[in-house]
Amino acid sequence: MMSREMMDAIEKELVFVATADEEGTPNVVPIGFARPLDERTILIADNYMKKTIRNLHENPKMALIPQNARECPYQFKGTVEIFKSGKYFDMVVEWAQNVMTELEPKSAILMTVEEIYSVKPGPEAGEKVA
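Numbering that gives the first Met the number 0 numbers the first residue of the sequence shown as 0 and each following residue consecutively.
Bear in mind the hints are in silico, worked out from the structure with no lab data behind them. C-beta atoms are modelled at their ideal positions from N, C-alpha and C, and glycine is treated no differently. Take the hints with a grain of salt, since some may be wrong.
Straight-line C-alpha distance at most 25 Å; calculated DMTMM-like pairs for lysine to aspartate or glutamate [to be verified]:
{"#": "1", "residue 1": "K49", "residue 2": "E93"}
{"#": "2", "residue 1": "K49", "residue 2": "E80"}
{"#": "3", "residue 1": "K86", "residue 2": "E101"}
{"#": "4", "residue 1": "K50", "residue 2": "E4"}
{"#": "5", "residue 1": "K83", "residue 2": "E113"}
Using C-beta positions, here's what the derived DEER-type ranges look like [stated by the list, open to error]:
{"#": "6", "residue 1": "T100", "residue 2": "S2", "range": "29 to 37 Å"}
{"#": "7", "residue 1": "V128", "residue 2": "V92", "range": "16 to 24 Å"}
{"#": "8", "residue 1": "E101", "residue 2": "A129", "range": "31 to 39 Å"}
{"#": "9", "residue 1": "E22", "residue 2": "M99", "range": "30 to 38 Å"}
{"#": "10", "residue 1": "Q96", "residue 2": "K127", "range": "19 to 27 Å"}
{"#": "11", "residue 1": "K11", "residue 2": "E113", "range": "16 to 24 Å"}
{"#": "12", "residue 1": "R69", "residue 2": "E21", "range": "21 to 29 Å"}
{"#": "13", "residue 1": "R39", "residue 2": "V98", "range": "22 to 30 Å"}
{"#": "14", "residue 1": "E4", "residue 2": "K76", "range": "14 to 22 Å"}
{"#": "15", "residue 1": "E21", "residue 2": "E101", "range": "13 to 21 Å"}
{"#": "16", "residue 1": "K49", "residue 2": "T100", "range": "17 to 25 Å"}
{"#": "17", "residue 1": "K119", "residue 2": "N97", "range": "15 to 23 Å"}
{"#": "18", "residue 1": "E126", "residue 2": "L102", "range": "23 to 31 Å"}
Just need the whole structure built from these sequences, with the hints factored in.
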């Protein structure tokens, strides 16, 4: 589903993550710890999320877009699972602490990508690509 270029853009840049609570109130935050595990899943470290995690407990849907949308003009939408222990949690703890030893991730968010849309300006903007 995700191409190598898409996966590289997600891992190498900030991504902007959008969530909504059960009433539909949106929240968008920049995230520095997002890493594709394969062409269908993205692992995100919850280091300082408050509203985002609260929203995901109420509504497990998420959308994200890489910071450099000119080079990677795609929006990724999917459903998440939240882990406070186990394999995915251990992965984010090791990853975050390798970058900044003082980080203490609170949870691991695993997003299963279900849809990909173009955000490239022009006639194909908003079209589903996968």
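Hints breached by this structure: Violated hints (numbers, rising): 4, 7, 10, 12, 15, 17, 18; every other hint is consistent with the structure.
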